[in-house]
Every structure is written in C-alpha cells, then in structure tokens.
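Visitor: Each chain, written out:
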Amino acid sequence: MDDLLADFVAETREMLQAIEGEIVAWEADPADRERLDAIFRFVHTVKGNCGFFDFPRLEKLSHAAESALSEVRAGQRKASSGLVSGVLAVIDRIGDMVEAIDAGEPLPEGGDELLVAALEPNGEEPDSEALRSEGETGQRTARAASGTRSIRLPVELLDRMMVGVSDMVLARNELARRLREQGADPALEAPFERLSSILDSVREGATRMRMQRLEHLFGTLPRMVRDLSAELGKQVMIDLDGGDVELDREMIESVRDPLTHILRNAIDHGIEPPSERIAAGKREIGTITVSARRTGNRIVVAVSDDGRGIALDRLREKAVAAGILGQAEAAALGEEATLDLIFAPGFSTADAVSQVSGRGVGMDVVRANIERIGGSVTVSSKAGQGTIVYLYVPLTLSIVEGLTVRVGEHTLGLPRSYIVEIARSVSRAISVDRLGDGIFLTFRDQRVPCLDLAEVLDLDAPVDLERATFVFLRLVSGDLFALAVDRVLDNEDFVLKPLPPALEEIGLFGGTALLDDGQPILKLDVPALAERHGLAGPGRVRAKVEEPAQAPIQAQAQHIVVFEGFDGRRLGLRMQPIRHIHTVPVSAIERTGSAMLANVDGAILPLTGIDAVPQERETIIALRLSDGEAELLHAARAIVDTVELGEDVVPLDGDDALEGSVLVEGRIVGLVDTHRLFARHGRRAVTTRRPTCRIPAGDAWATGFLAPLLQGAGYDVLGDGDPRPADVAVVLDESAPGAAAGRILRLRSRPEPSNDAPDSIYRYDRDGLLSALAGTHAKGA
Amino acid sequence: MDDLLLLTRIAGRPAAFRAVDVRSIIELGTITPVPRAPDFVAGITALRSRALTVIDARRILGARGGRDSADDRSPVVDIAGHSYALLVDKVADVVAGVGALSPVGPTLGPRWSACAQGMIETAAGPAIVMDVPALITGPQKAAA
Chain D
1 MDDLLADFVA ETREMLQAIE GEIVAWEADP ADRERLDAIF RFVHTVKGNC GFFDFPRLEK
61 LSHAAESALS EVRAGQRKAS SGLVSGVLAV IDRIGDMVEA IDAGEPLPEG GDELLVAALE
121 PNGEEPDSEA LRSEGETGQR TARAASGTRS IRLPVELLDR MMVGVSDMVL ARNELARRLR
181 EQGADPALEA PFERLSSILD SVREGATRMR MQRLEHLFGT LPRMVRDLSA ELGKQVMIDL
241 DGGDVELDRE MIESVRDPLT HILRNAIDHG IEPPSERIAA GKREIGTITV SARRTGNRIV
301 VAVSDDGRGI ALDRLREKAV AAGILGQAEA AALGEEATLD LIFAPGFSTA DAVSQVSGRG
361 VGMDVVRANI ERIGGSVTVS SKAGQGTIVY LYVPLTLSIV EGLTVRVGEH TLGLPRSYIV
421 EIARSVSRAI SVDRLGDGIF LTFRDQRVPC LDLAEVLDLD APVDLERATF VFLRLVSGDL
481 FALAVDRVLD NEDFVLKPLP PALEEIGLFG GTALLDDGQP ILKLDVPALA ERHGLAGPGR
541 VRAKVEEPAQ APIQAQAQHI VVFEGFDGRR LGLRMQPIRH IHTVPVSAIE RTGSAMLANV
601 DGAILPLTGI DAVPQERETI IALRLSDGEA ELLHAARAIV DTVELGEDVV PLDGDDALEG
661 SVLVEGRIVG LVDTHRLFAR HGRRAVTTRR PTCRIPAGDA WATGFLAPLL QGAGYDVLGD
721 GDPRPADVAV VLDESAPGAA AGRILRLRSR PEPSNDAPDS IYRYDRDGLL SALAGTHAKG
781 A
Chain B
782 MDDLLLLTRI AGRPAAFRAV DVRSIIELGT ITPVPRAPDF VAGITALRSR ALTVIDARRI
842 LGARGGRDSA DDRSPVVDIA GHSYALLVDK VADVVAGVGA LSPVGPTLGP RWSACAQGMI
902 ETAAGPAIVM DVPALITGPQ KAAA
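Here the protein sequences come in this chain order: D and B. Just so you know, our numbering puts 474 at position 474 of the first sequence, and the rest follows in order with no gaps. Add 781 to the 1-based position in the second sequence for our numbering, that's all there is to it.
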C-alpha cells in the first residue's frame, strides 16, 4: 500500500505543478473553458484517488470543488470571483494535505467546512482575503527533504540506462575473459574485482528501478472480483498473497490482461452458484487465491479457486465436438494432455456464452500473450475441488533464458520457454523414421515431426541423425515438434537485441545476443520457423502410438539433489557422493590464493562452486561430498529438491564442469561432473579415511549397541561379510574372529574377568572399550 | 560542400561517406555468417558489447572476388537504431569536399546510382558520395 500511496502523492503533486499555471490563467479569465476543464480534471482525479485511499476530508473537499465546477461547466452557474477563490483555496488545501500525507504528519486541522460552504451555490461568499489567509495558516511551509522523495521518469530513459548497464556487464565479461587469457596481473585483479562488484550493484539498482511491486496489479483485483461476482450472482472472496514480489513494470502490464482473463474464467466457470456449493458441502462463498512468488529468474503467479474444477470428460467431448480431436484420440488422451486442451485455439468450456467470458477469446490467447513475453502457462485441476492456473513469467523482458545449440559451423540460441525435452539419438528411448522427405521421431509414445536444423538453415551438410541431439519444442498452439541439431552446447541468459530489417526478413531469427565469450549469435524464432514448415496448424493433433509390447528394463533409479548454485544456475549433484548437507557460517570460509576452503566440524575441506566469500549472507549451504578417500564441499545458495534422475542426460560441450544437463520439472538443470570435481580438487582434499572396525553383523547387540558407539568414536563399521580389511575386529565372548583384521578386540558379556580370555573387556565398560580402540588406532597409525 | 568526407574504395572505385554519417571506424574481427541471409549481408560481428550487422558494400556495388587489400578497417554507420559495419576495399583518408555536390548521370550504372547522393571533388580526386540508408537497403529496393 505504501507504494501506491507514494504514487498517489507523486501523481497529485505532479498534477498540482502542471495546473499551477492554469490556475493563474483561470483566475485572470474565469470564462476560459479550457482552463476550467483542466482544473475540473484535476479535482475529479483527486476525488477518485481519495475514495480509494480513504481520505474522507480530501474527498469531501475535492467533491465540493468538483460539483461547483461541473455546474459551471454545465452553464448552471457563473464562475464568480467568490467561486474562483473558493476553488483555488480548495486546491491549495489539497496541496497542503498531500504534503502532510507524504510526510506522515496529521492532516492540517479544520477549516474544511468554511471552504466547502464557500462553494455552495447560495452559500455566503466570504471575501477572498479570508479564504486566502485560511489557506496560508494551513502551514504551507516547505517540507522539502522530509520523507522519501520520489521522482517520475519516462520509461524510455530508464530503458536507455538499462541498455547501457547491460552493455557494461557484457564489456566487463569480455574484459574478464581477456584478463584470464593473459594471466591477470595481481595488481589489476583487485581493482577489476572492485569495478566488477560495483557494476553488479549498479546493475541491481538499475534493474530494481524498473521493478514494481505486484501490489499495483493486485490492488485492482478485489474490485474486479466484486463486480464480476455480483454480475454473475456468485459470492466470491479473493485472497491475495505475494504483493511484495517485484516485477518489471512492463512485465506487470503484460501480465494484467491474462490474469484478468483467468480470474474471469475462475469466477464464471470455476466457482459454482451458492446453492450448488452448499449442495456440494462447500462454503457458500467461493475463494479465489492469487499468489505470487519468485523462483530464480522467474515469477510464478498462481490463481487457484475452490470451484467445481475442470471435468475431463466434458473437455474431451467438447474437443471432439469442436473437431479438434477424433473420438478415439480423445479417449486415449491422458489427464495432462486433456487439461492442455483448454489452451487449444477457439476452445471454450462454457456451456452458455456469458457476458463475462466465453466470447471466443480463450485460454489460447492467454497462453500466446504469456509466451510472447517468454513465459509459460500450465493448469491443474481436480474435479469438484478446484482449478489452479500457473503463470510463469521472466523477471525482465530483455533477458531470455535459453540454450545454445550447434549445427554445422553455426551456434544458435533457442529460447527456453519452448523447450520441453532434450534427447540424443543414441538414447534407446527414441527411434527415427524417414517418411517421404520428412523425419519423424517416436519418443515417449508420441510420433513427433522433426526438422533438420541444417536443412532449415540451408547449410551444406545435413545433421547426422545417428549422432544428433533432438530438442523438443512445444508451440503456443500445443503442437510439438523436434529440431535435430549437432550438439547442445550450454545454458545461457541471452540479452536480446533487435535485428536489423535485412536479417529480420529472413524470418527465422528473433534477435541477436552476445555469449559470455563475446561471440555474437542469433536467436531462433521458434514460432516463425514452425509456421514456415507448416508445423503450427490449428487442429493439428499429436498422433498417439501404441504402447510398445515390452517395457525396457528399468535401471535402478538414481537420484539427484537439485540446488541453486552461486552463479545463479540451477545445478544437480548425484546423490551417491553426498555425505551431508551443512550450513556453514561465512566466517568459516577462507580464501587462500585461488582456492576456497571451509571449516566444517573441525575438518578443513576444499569448497567448490563459489569464487569469493559471500558478503551478503551469513551462512551458506555446503554439500559434503566424498569419493571414499577424499572429501570436499560444494557451495549452494539454496537446496531446491531431490528428484529422480531420468535417463536422458544430455552432454554439454560448453562447460566442462558439468556432466550434462537434464530437465527437472521443465527447467534445465546442469549436472555437476563429480568425477572431474574430484579430479580437480580431490588432490587438495584432506585425506579422511576413517579407521574401520569389523563387527559380527548377525549379532543384534553388536549392530544395535556397539555399532553406534564405534561410529561415534570415528570408525567405519564393517559387517563380517565385508571383504575390506579392518583395522580392528570386535569378537564377542568365545566366538572365533572373522576375516583378517589389524587387531582383535574381545568383548565379554559378564562383568567379571574371564580366565579364558584375560584381555577381554566387559561389553558395557565404555571407557575401557574406547581406550582399547584408541590404543588400536594409535598403533595402527 | 564543406563537410568532411571519409574516402574509401569500394569495388575498386572511390566512394566517399559524409563524416557525420559515420559513427566510427573499427577493426573488423571475426564475422559470424548468418544462414539464409541475403548475399550482401556478410554476417554479424561483435563491437564492444553489441552485435553489428556487416554489410558487404563491395558486393552491393558489384565487386567480384575477394577483397584486394588487407585492410580490416570498416566504417560503422547507424541507421534507424541499428548499427552496421560496411565491408569496403579500404579506408583511405578523411578529406574535405571541394565545391558543391553535383548530380550523377545514368552512366554510373544501376548499382551505383541506386545508392549515390552525388559526385564531389576532393583533393584526392572526384568521388561518389554514398547515400548510406540506400546502401543498407539498396539491393532490396532495386529488386522491388
């Protein structure tokens, strides 16, 4: 709300300044219609805004002036000098009050009635002197530097600055690269680092300048929901969450229409009439929740309602009736694919076309609008329980998350928002068929048309389909197709620049961007490309193929931990080498030369995945990895999730620190190459081989009581089936020792010493046991 | 005409650009070719932190074969918010124009006359003054 208020103050102040001249001119010539209109507009706007902010006094004043002026405009009243001074006094008073609001002070006391009375048609007309002095006593003192000051700037100016800052960042990256290549002089390194961090903060500031809280958008929603639900005879409550999330101003504007449309749908189709809700055992009043949160470089806006949900069967019937699908195809459609139908062009689920929605402008337009700004829309629904629509939008317009691909000698960018899957032709999950001149892929039970990017680009040699990588792209219309490329290189954030006309006319590219290494590349215009090849037709349906007779043998599922790295990327680490996840205070992190070290639990370990001690936070998350011999830590900004690793790890050529990339919930995640990590840093790792101790694994006491004690004492506990040599073996009572061990430790069940085994230790003699172990360890070392 | 002129050679002939039209002169680095681009677009190249479109002025004006000089310098012009680097045979000199611009006759040939503003005398001899916007979009206009 504070932001809105600041805007109100800024706007009112600006208008006041603008009409200052008008006021003077109007005073000189009260018959001047143009001036009169300008002043009328001012009080009218102020009145409207006051109602919104609940400033009853301001509202009363502006209302009085407005009605007086409208009477003058309608010719019912003459602009007498009394009326003119009355209006001017009101405007002065508005100015005072706005200043007071801005400074957070109480509004100047009293005198309103006098002003209002002066504007009454038959009111006594106090002489203007009295009114003037009234205005002046209203503390029209300068409150110059009080409170937060704000200025309004043309967006164009901000854009120019943003472009400048983006360019600076690119120039910095290039400089950094050259410095690296030439082996940077330490004398240069420090000032460069400083420059670099200053630039980062300038960039952050510049980005924030364009940011606005979602509140600005949310503020208008309750009113809209109220009006709509009244119109449709429904009772709906709206719950807003995440108004403090910031988004690019222009992005907010781009989200406004789609969000409005989704809300309309929710009220019109989702929320049931009160009687129906009661019958279904729900609260009479429906609830719509709009929540926003930021994840990485994107904002997710979720609109959920507790209405009737989307009936999948009806959706299928509709699709068949609309000729989008055949009967058989509809029946075979999975849940997700069926829900996806609501994004099909010209599809409306409403039975009756109401005044509010269902006028042919459907979810396809919503999806198109969101994808145009590099976002995406998904929907999930449970019949009888409600529907959730998710809008994913990037933080800014000019930076597009993407993937670089290589075909022939060309490197091209693909925007992330279209990519649904990446697979290599060597993967067994994919089969390639040439039919006519076309290429078709069968993948996950779908037959997907495929374009050879080399052919699309008219290159000399086609892509070798035997070794190709296929990038699956989903268009706004829902059409799926694949592009065959030679290699997938890397994830990049593209700072897009528009194309000159000569290149735009080619109709394949959507902009240029510079890669981190300074190489310019072109971004492919995916929809244009699809259209050119006839792949984006309304009503085109994905053909379903039969389930293969035998399912491939499932390898044991591997899991990865997905986390956000300090370079801002989303990364994954295989579960196997992860020993522990530590929260490490930054005070325990040290930079030594070019390497980072951290102290966890008394051990000093190399810390990878981070270049500098972070200044902006107090702790970091560190994943402790071990290959059995060496240990090291990998820094993470935040842990995202643990997921099952699919079979399709796509190798990346651009970044050798990564094993490849995988898709996790629609996002590209770089898989950290642990082998290389240990090859690179393992040598520096402190060897931490723990002493081992063998226990009789079959014995319940040994595994239940002894093993934890041994582990606590720093031993790796081995069962007797384990072939590894043990530093010490524990033997209970009279049983024979198992496999070879450095030393045998005999425990007895009874407290009194045994004659048969004089060196045995009573099994609950903790101190004796530990000192015996320590002795063993010392001897072994 | 008192303007300063940047004197170049394109397709073996003297060609002049008004100094005010030229934003800078750069050393051309690697040119990344653009698939399916018209043949007068040599590709894109990076200038500092932005991508420039490289226009092969030689080809537009009918030169055949490779460049005959090893001059990597290229004038950069701004048209309608986009920056272009022009491929020329060589960048020769900056000279002052002498006298007024005189119209060119039909004998210049269609390619040259499509992107010529006129003829000018300079201390280094006569030269054609190039119409930069026409040069950038020239071949298409001619085709249309």
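Source of the hints: derived by calculation from the structure; they are not laboratory data. A virtual CB, placed ideally from N, CA and C, is assigned to each residue, including glycine. Wrong hints could be hidden among the right ones.
Selected chain D positions facing chain B (in silico; Cβ < 8 Å) [said to hold, decoys possible]:
#	residue
1	GLU284
2	HIS410
3	ILE506
Visitor: So, as I understand it, the hint says ILE506 of chain D touches chain B; can you test that by seeing if any CB pair is closer than 8 Å?
Guide: holds (5 Å)
Visitor: Under the criterion of a CB-CB separation shorter than 8 Å, is HIS410 of chain D in contact with chain B as hinted?
Guide: Holds - the Cβ of HIS410 of chain D comes within 8 Å of chain B, reaching about 6 Å at its closest.
Visitor: So, GLU284 of chain D near chain B? Judge it on the closest CB pair being under 8 Å.
Guide: GLU284 of chain D check fails; min Cβ-Cβ to chain B is 57 Å, beyond 8 Å.
Hint violations for this structure: number 1 only, all remaining hints satisfied.
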